[in-house]
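If you're matching them up, the sequences are chains A and B in order.
In this text, residue positions in the first sequence follow my numbering: the first is 472, and each later residue adds one.
In this text, residue positions in the second sequence follow my numbering: the first is 472, and each later residue adds one.
Read the hints as simulated data drawn from the structure, not as lab findings.
Please note that the accuracy of each hint is not assured.
You can't tell identical chains apart in this list, so a pair holds if it fits in one copy or across any two.
To be verified - Distance condition first, Cα-Cα at most 27 Å in a straight line; then the derived BS3-like pairs of lysine-lysine:
id	residue 1	residue 2
1	Lys669	Lys586
2	Lys496	Lys580
3	Lys616	Lys496
4	Lys494	Lys672
5	Lys632	Lys672
6	Lys563	Lys672
7	Lys580	Lys661
8	Lys586	Lys492
9	Lys593	Lys616
10	Lys496	Lys591
11	Lys492	Lys578
12	Lys593	Lys496
13	Lys578	Lys591
Protein chains: 2
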Amino acid sequence: MTDKKTTDSNIADNHKQRMQKLKEKVDSRIDNATDERGLLIVITGNGKGKSTSGFGTVARAVGHGLNAAVAQFIKGTWACGERQLLENAGVKFSVMGTGFTWNTQDKEKDIAAAKQVWIKCKELLSDTNLDVVLLDEMTYMLSYKYLDLDDVIETLNNRPKHQHVIITGRACHRAIIELADTVSEVQSIKHAFDNGIKAQKGIDW
Amino acid sequence: MTDKKTTDSNIADNHKQRMQKLKEKVDSRIDNATDERGLLIVITGNGKGKSTSGFGTVARAVGHGLNAAVAQFIKGTWACGERQLLENAGVKFSVMGTGFTWNTQDKEKDIAAAKQVWIKCKELLSDTNLDVVLLDEMTYMLSYKYLDLDDVIETLNNRPKHQHVIITGRACHRAIIELADTVSEVQSIKHAFDNGIKAQKGIDW
Chain A
472 MTDKKTTDSN
482 IADNHKQRMQ
492 KLKEKVDSRI
502 DNATDERGLL
512 IVITGNGKGK
522 STSGFGTVAR
532 AVGHGLNAAV
542 AQFIKGTWAC
552 GERQLLENAG
562 VKFSVMGTGF
572 TWNTQDKEKD
582 IAAAKQVWIK
592 CKELLSDTNL
602 DVVLLDEMTY
612 MLSYKYLDLD
622 DVIETLNNRP
632 KHQHVIITGR
642 ACHRAIIELA
652 DTVSEVQSIK
662 HAFDNGIKAQ
672 KGIDW
Chain B
472 MTDKKTTDSN
482 IADNHKQRMQ
492 KLKEKVDSRI
502 DNATDERGLL
512 IVITGNGKGK
522 STSGFGTVAR
532 AVGHGLNAAV
542 AQFIKGTWAC
552 GERQLLENAG
562 VKFSVMGTGF
572 TWNTQDKEKD
582 IAAAKQVWIK
592 CKELLSDTNL
602 DVVLLDEMTY
612 MLSYKYLDLD
622 DVIETLNNRP
632 KHQHVIITGR
642 ACHRAIIELA
652 DTVSEVQSIK
662 HAFDNGIKAQ
672 KGIDW
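Let's have the full structure, built from the sequences with the hints guiding it.
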């Protein structure tokens with residue numbers, strides 16, 4: 472019994488020592504991170520969770536009383552749940568509203584619609600009252616060459632210094648990845664859709 | 472001029488043909504996806520965006536009028552923006568509230584706190600009124616062996632058939648990945664924190 476107690480006590484001490492070392496390491500990294508400025512965050516890759524991550528960050532920001540706006544490319548022909556909740560919380564949405572390119576099948580129309588949303592984006596990206604701007608599914612506009620890359624980069628570079636921008640979508644252009652402060656790639660390990668599960672309200676839209 | 476017009480017209484036709492083929496492919500995949508049931512979704516990996524993706528999905532669900540609840544492991548010693556917004560929208564939170572293990576440095580206390588939250592999780596995972604349950608940062612509770620894996624799997628298997636569950640956190644246990652319908656792995660390509668940028672309100676918490 473005494474032996475068991477001694478062993479338990481040793482395990483607890485070991486845990487405490489490991490955690491103390493880890494705390495020192497974490498604390499020193501926190502001490503070294505002193506800069507505060509608007510970040511460019513990219514969430515790319517083929518997996519599920521990119522847009523929801525962007526919208527989760529908008530929800531986080533708005534919950535803290537920050538001002539946020541959303542521009543949505545591609546999507547927008549049907550009502551997404553997050554839009555209703557966030558609009559109620561004061562988030563403004565600018566929506567391309569054409570649906571997917573394989574639905575419109577009209578390149579010129581898609582380009583015109585993309586350019587319209589981009590004009591709105593430029594307003595958002597020069598608005599000093601906005602703390603967070605989500606450019607949802609914008610990566611496709613660059614890979615399809617619907618928007619001018621140099622114009623996008625210049626606009627991002629000239630935005631208010633405190634403004635955070637989140638760009639989501641597959642296959643983000645390497646120039647935007649280079650420009651970004653934080654980049655996450657969401658990889659699909661498996662997806663219910665591939666096993667015959669249809670897109671469901673509240674999860675997929 | 473006529474040649475230029477012919478070329479433009481050819482390009483547009485080609486685009487239309489490609490998009491028609493793509494649409495046929497997408498439509499046939501949609502036709503094959505007919506099942507509807509509660510999904511187990513795992514968002515794992517080392518990159519930024521896992522919890523925000525979980526919270527974005529909760530925002531989406533609540534925006535559609537579905538009922539959602541959140542259990543938060545590890546975190547909870549400070550006010551996250553998303554909690555304020557979602558609680559206002561009727562989402563119930565159960566929070567471990569101990570902070571990170573390197574802060575508590577007390578394994579027994581952490582295990583007791585984890586088990587308390589898990590009791591609450593079991594209530595959520597048997598509540599037929601709940602459409603979506605987010606188990607934020609739960610993966611760590613299994614990798615640290617703070618919770619019993621068999622109990623977790625049995626509880627997930629016995630939940631209401633329509634209930635979606637989202638589990639977030641690094642290094643998800645392979646048994647949970649096998650059980651899941653959709654799994655995304657968020658990889659960190661780069662992170663602002665590594666370049667001396669501190670955690671910022673509205674983005675990191």
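Results for each hint:
In this assembly of identical chains, lysine 669 and lysine 586 lie within 27 Å of each other by CA distance neither inside one copy nor across copies; the values are 32 Å within and 35 Å between. In this assembly of identical chains, lysine 496 and lysine 580 lie within 27 Å of each other by CA distance solely across copies; the values are 22 Å between and 54 Å within a copy. Within a single copy, lysine 616 and lysine 496 get their C-alpha atoms only as close as 44 Å, which misses the 27 Å cut-off; across copies the closest is 23 Å, which meets it. Proximity of lysine 494 and lysine 672 under a CA criterion of 27 Å is satisfied inter-copy only: 22 Å between copies versus 42 Å inside one chain copy.
With identical chains, the CA atoms of lysine 632 and lysine 672 are at most 27 Å apart between copies only, with a shortest distance of 15 Å across copies and 37 Å within one. Taking the shortest alpha-carbon separations for lysine 563 and lysine 672, both the intra-copy value of 22 Å and the inter-copy value of 20 Å come in at or below 27 Å. With identical chains, the CA atoms of lysine 580 and lysine 661 are never at most 27 Å apart, being 34 Å at best within one copy and 36 Å at best between copies. Taking the shortest Cα distances, lysine 586 and lysine 492 sit within 27 Å of each other only across copies (25 Å), while inside one copy they are farther apart (53 Å).
In this homomeric assembly, lysine 593 and lysine 616 come within 27 Å of each other (Cα to Cα) only inside a single copy, at 17 Å, whereas the closest approach across copies is 49 Å. Proximity of lysine 496 and lysine 591 under a CA criterion of 27 Å is satisfied in neither setting, with 44 Å inside one chain copy and 33 Å between copies. In this assembly of identical chains, the alpha carbons of lysine 492 and lysine 578 lie at most 27 Å apart only when taken from different copies (15 Å versus 57 Å within one copy). Taking CA atoms no more than 27 Å apart as the test, lysine 593 paired with lysine 496 passes in neither setting, with 41 Å inside one copy and 35 Å between copies.
Only within a single protomer do lysine 578 and lysine 591 lie at most 27 Å apart by alpha-carbon distance; the minimum there is 20 Å, versus 52 Å between protomers.
When the structure is compared with the earlier hints, violations turn up for hints 1, 7, 10 and 12 and for no others.
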